[in-house]
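The sequence shown lines up with residues 800 to 1148 when you count with my numbering.
By construction, these hints were calculated from the structure, which means they are not laboratory data.
Since we're looking at a predicted model, the values are computed, not measured.
It cannot be assumed that every hint is accurate.
Pairs of lysine to any residue residues, derived as SDA-like cross-links and limited to a Cα-Cα distance of at most 20 Å, are as follows [stated by the list, open to error]:
1) K819 / L872
2) K921 / P960
3) K896 / E925
4) K982 / R871
5) K896 / T875
6) K816 / N883
7) K982 / E1011
8) K982 / R931
9) K953 / L979
10) K819 / T876
Simulated restraints on C-beta separations [stated by the list, open to error]:
11) E1118 / D954: 52 to 58 Å
12) R941 / S892: 23 to 29 Å
13) V824 / Y959: 36 to 42 Å
14) R900 / R952: 25 to 31 Å
15) N817 / R958: 41 to 47 Å
16) N1003 / D940: 23 to 29 Å
17) Y959 / R900: 22 to 28 Å
18) P915 / E1011: 26 to 32 Å
19) V929 / K830: 35 to 41 Å
20) G859 / R826: 17 to 23 Å
21) R931 / A889: 20 to 26 Å
22) D1130 / P891: 28 to 34 Å
The beta-carbon is built from N, C-alpha and C at its ideal position, and this holds for glycine as well.
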Amino acid sequence: MMYPSMIAPDPPLLSVKNLKTYFPVKRGLLKSHVGDVRAVDDVSFDIAPNETLGLVGESGCGKSTVGRSILRLIPTTSGSVHYNGEDVLAAPSGRMKQLRREMQIIFQDPVGSLNPRMAVGKIIGEPMAVHRVCPKEEIPDRVADLLVKVGLRKDHAARYPHEFSGGQRQRIGIARALALSPKFIVCDEPVSALDVSVQSQVLNLLNDLQDEFGLSYLFIAHNLAVVEHFCDRVAVMYLGRIVELADRDTLYRNPLHPYTKALLSAAPMPDPDAEKRRIMLLGDVPSPIRLFKDDGKADTGITPEEQAELDAERQPGVEYITRHSLLHRPDLVPVDGEPGHFVSPSVDA
800 MMYPSMIAPD PPLLSVKNLK TYFPVKRGLL KSHVGDVRAV DDVSFDIAPN ETLGLVGESG
860 CGKSTVGRSI LRLIPTTSGS VHYNGEDVLA APSGRMKQLR REMQIIFQDP VGSLNPRMAV
920 GKIIGEPMAV HRVCPKEEIP DRVADLLVKV GLRKDHAARY PHEFSGGQRQ RIGIARALAL
980 SPKFIVCDEP VSALDVSVQS QVLNLLNDLQ DEFGLSYLFI AHNLAVVEHF CDRVAVMYLG
1040 RIVELADRDT LYRNPLHPYT KALLSAAPMP DPDAEKRRIM LLGDVPSPIR LFKDDGKADT
1100 GITPEEQAEL DAERQPGVEY ITRHSLLHRP DLVPVDGEPG HFVSPSVDA
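Construct the complete structure from the given sequences, taking the supplied hints into account.
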């Protein structure tokens, strides 16, 4: 799947084309290959310098796998990832180590991503030592500067992760990501595990750091309110594929794909008295293993019994979209009159 970039005239910092990441499924005593989980299935997008692209979708749609595939934290099946014109997936290990200085990740779980046996100063300073970005005697000063930049104190370097709150631990994770002065950061749901009040503080911090260092973000999230506040463009994923991509204002004003409409309909509104059209997804989430037939095409069939069960769930006054209708997954096409807006044509629900 290929489509034109909405970024012009500047070349993108990151360009992902036709990325696929499949996980083989093996069964039986002989571990025979019986299929694949198509976690990422032909995904393409660009990210410009100093831009934030939001990647949204329900749990299990492949968002985090996209981020990890870009950074080569997991093996990919096919496709290309170009950073500053260089193919990341084809880079030899020595060159990849150099590229990792410019491409970092902030993990969702600050507890699980920080070594509990290491002091904060060691956690943040270790990447500097591994990549030899400065003499060893300068590392403590650099760590102290980073701690201050993310809103912590210099003396926090001597403490351990368990001595901090969730928001503070996430700030430590951000400082670690900044240790090598990257230009691109994958933010893998960095605020989903935090209280709402702390979320705003971390988002404001990420915004300030982007302005100061000229960072580009791939911001992975499922909270549409956070994405609307933070991102420049938004890509919507469903079952491993991007079904709609547009700039933030266009997507929230004029969503075109049924799945995008359902996601926005499910987002809470600040005004509880405001009228809102209810759009609900009908049916169970298809298994990513049994989703495809032997010929590789999506199995979009539905039995009369399944249709009867779906009809029984319908309620008056609610618009429904069946998940089976979303299994027709044509490539993205540009939307007339809206530059940079791409959508996968859908069938009737």
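Against the structure, the hints:
no.: 1; hint: K819 / L872; result: holds (14 Å)
no.: 2; hint: K921 / P960; result: holds (11 Å)
no.: 3; hint: K896 / E925; result: holds (14 Å)
no.: 4; hint: K982 / R871; result: holds (17 Å)
no.: 5; hint: K896 / T875; result: holds (18 Å)
no.: 6; hint: K816 / N883; result: holds (14 Å)
no.: 7; hint: K982 / E1011; result: holds (11 Å)
no.: 8; hint: K982 / R931; result: holds (18 Å)
no.: 9; hint: K953 / L979; result: holds (18 Å)
no.: 10; hint: K819 / T876; result: holds (5 Å)
no.: 11; hint: E1118 / D954: 52 to 58 Å; result: holds (56 Å)
no.: 12; hint: R941 / S892: 23 to 29 Å; result: holds (26 Å)
no.: 13; hint: V824 / Y959: 36 to 42 Å; result: holds (40 Å)
no.: 14; hint: R900 / R952: 25 to 31 Å; result: holds (27 Å)
no.: 15; hint: N817 / R958: 41 to 47 Å; result: holds (45 Å)
no.: 16; hint: N1003 / D940: 23 to 29 Å; result: holds (26 Å)
no.: 17; hint: Y959 / R900: 22 to 28 Å; result: holds (26 Å)
no.: 18; hint: P915 / E1011: 26 to 32 Å; result: holds (30 Å)
no.: 19; hint: V929 / K830: 35 to 41 Å; result: holds (36 Å)
no.: 20; hint: G859 / R826: 17 to 23 Å; result: holds (21 Å)
no.: 21; hint: R931 / A889: 20 to 26 Å; result: holds (25 Å)
no.: 22; hint: D1130 / P891: 28 to 34 Å; result: holds (32 Å)
In this structure, every one of the numbered hints holds.
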